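Can you make the complete structure from the sequences, with help from the hints?
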Amino acid sequence: MGSIITRAKKIRLTRRFTQFTALVLLNLQFLHIWFTRLQLTGLRVVCSPVFYCHSCPLATTACPLGVLINFGKLQLIPFITLGILGLVGTLGGRFVCGWACPFGLLQDLLHRIPSPKFKIPHKLTYTKYVVLVLFVIVIPIFWPKAPYSFCDGCPSSFLESTIPWAAMAHWHVTPGMFNGFTARFMVRGSITLAVLLLAVMVSRGFCRLFCPLGAIFSLFNRFSLFRFNLTYSRCNDCKACAKLCPVDIDPVTQMNTAECIRCYECTLTKHIKLGAK
8 MGSIITRAKK IRLTRRFTQF TALVLLNLQF LHIWFTRLQL TGLRVVCSPV FYCHSCPLAT
68 TACPLGVLIN FGKLQLIPFI TLGILGLVGT LGGRFVCGWA CPFGLLQDLL HRIPSPKFKI
128 PHKLTYTKYV VLVLFVIVIP IFWPKAPYSF CDGCPSSFLE STIPWAAMAH WHVTPGMFNG
188 FTARFMVRGS ITLAVLLLAV MVSRGFCRLF CPLGAIFSLF NRFSLFRFNL TYSRCNDCKA
248 CAKLCPVDID PVTQMNTAEC IRCYECTLTK HIKLGAK
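Residue numbers (the working numbering): 8 to 284.
Think of the hints as simulated: they come from the structure by calculation, not from any bench. Hints may be right or wrong, so weigh each one.
Claimed, not checked - Taking lysine-lysine pairs in the DSSO-like style, the calculated list, with each CA pair at most 27 Å apart, reads:
1. Lys280 with Lys16
2. Lys126 with Lys284
3. Lys277 with Lys126
4. Lys246 with Lys80
5. Lys250 with Lys17
6. Lys17 with Lys124
7. Lys280 with Lys80
8. Lys124 with Lys246
9. Lys126 with Lys16
10. Lys16 with Lys250
11. Lys130 with Lys17
12. Lys280 with Lys250
13. Lys16 with Lys124
14. Lys280 with Lys246
Stated by the list, open to error - Computed spacing ranges between beta-carbons, pair by pair:
15. Lys130 with Cys242: 23 to 29 Å
16. His129 with Leu30: 48 to 54 Å
17. Asn236 with Arg119: 28 to 34 Å
18. Leu65 with Gly196: 18 to 24 Å
19. Met175 with Ser197: 20 to 26 Å
20. Arg241 with Leu65: 42 to 48 Å
21. Cys242 with Arg191: 47 to 53 Å
22. Leu203 with Phe37: 31 to 37 Å
23. Ser122 with Leu35: 32 to 38 Å
24. Ala190 with Lys277: 51 to 57 Å
Everything numeric in this text was worked out from a predicted model, so none of it was measured. For every residue, glycine included, the Cβ atom is placed at its ideal position computed from N, Cα and C.
Structure below.
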């Protein structure tokens, strides 16, 4: 078990590298600081398959959830965005959740903070499908002017867009600088704080309970091209793979289920391998 944990640390370092690399690529607008003629805002018409707000001052691409919501309000079908999500999901299911999502990276880092840790009942993971259907599809389409779509309470949007823009607007501290912070701002801030606290105590809590993008990609997990395969003859039911799993599933009995983020750690037990279908 000790050697498995050592190899798991190497996998985690590799995963952190790809996550931070993705974070940099999603924020290439910072290059404009040094190269003033370089304009990358045109890339925001294309979405990246991760949970990252396009309203971030440094964002390179659009958020797929934002595209789905805004197209829904306009009664239009975002064929390109659906095609990108479908292609990524068909290839690797929730692979991007484990290896490229900046909000997933934030949760991974927060969960390292010493605190009581909790596991969540599997039935609660279905709430993210309710969030997807209600706040990404139904409300934007049927009540386009209602301020209740997913973007209106999105923690990623609050951290990556609202706070940076508010900070720039109130760069100089003045006695009345907080007057513009409305009740809506406070509600969104409270939601974000709750999500961050959840991440400290529950591994990938937001991904498993509320993320609409994770819900979309989870639909592809069972039949994606690249998936995990179990060699039963080499499994001695030691549960080592289950102990390594950051989303609390047993890979032996729940192979390629909707909650698997394809983090690759269970493959260190050598009876599970990633392969083409």
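Violations among the numbered hints: 2, 4, 7, 11, 16 and 22
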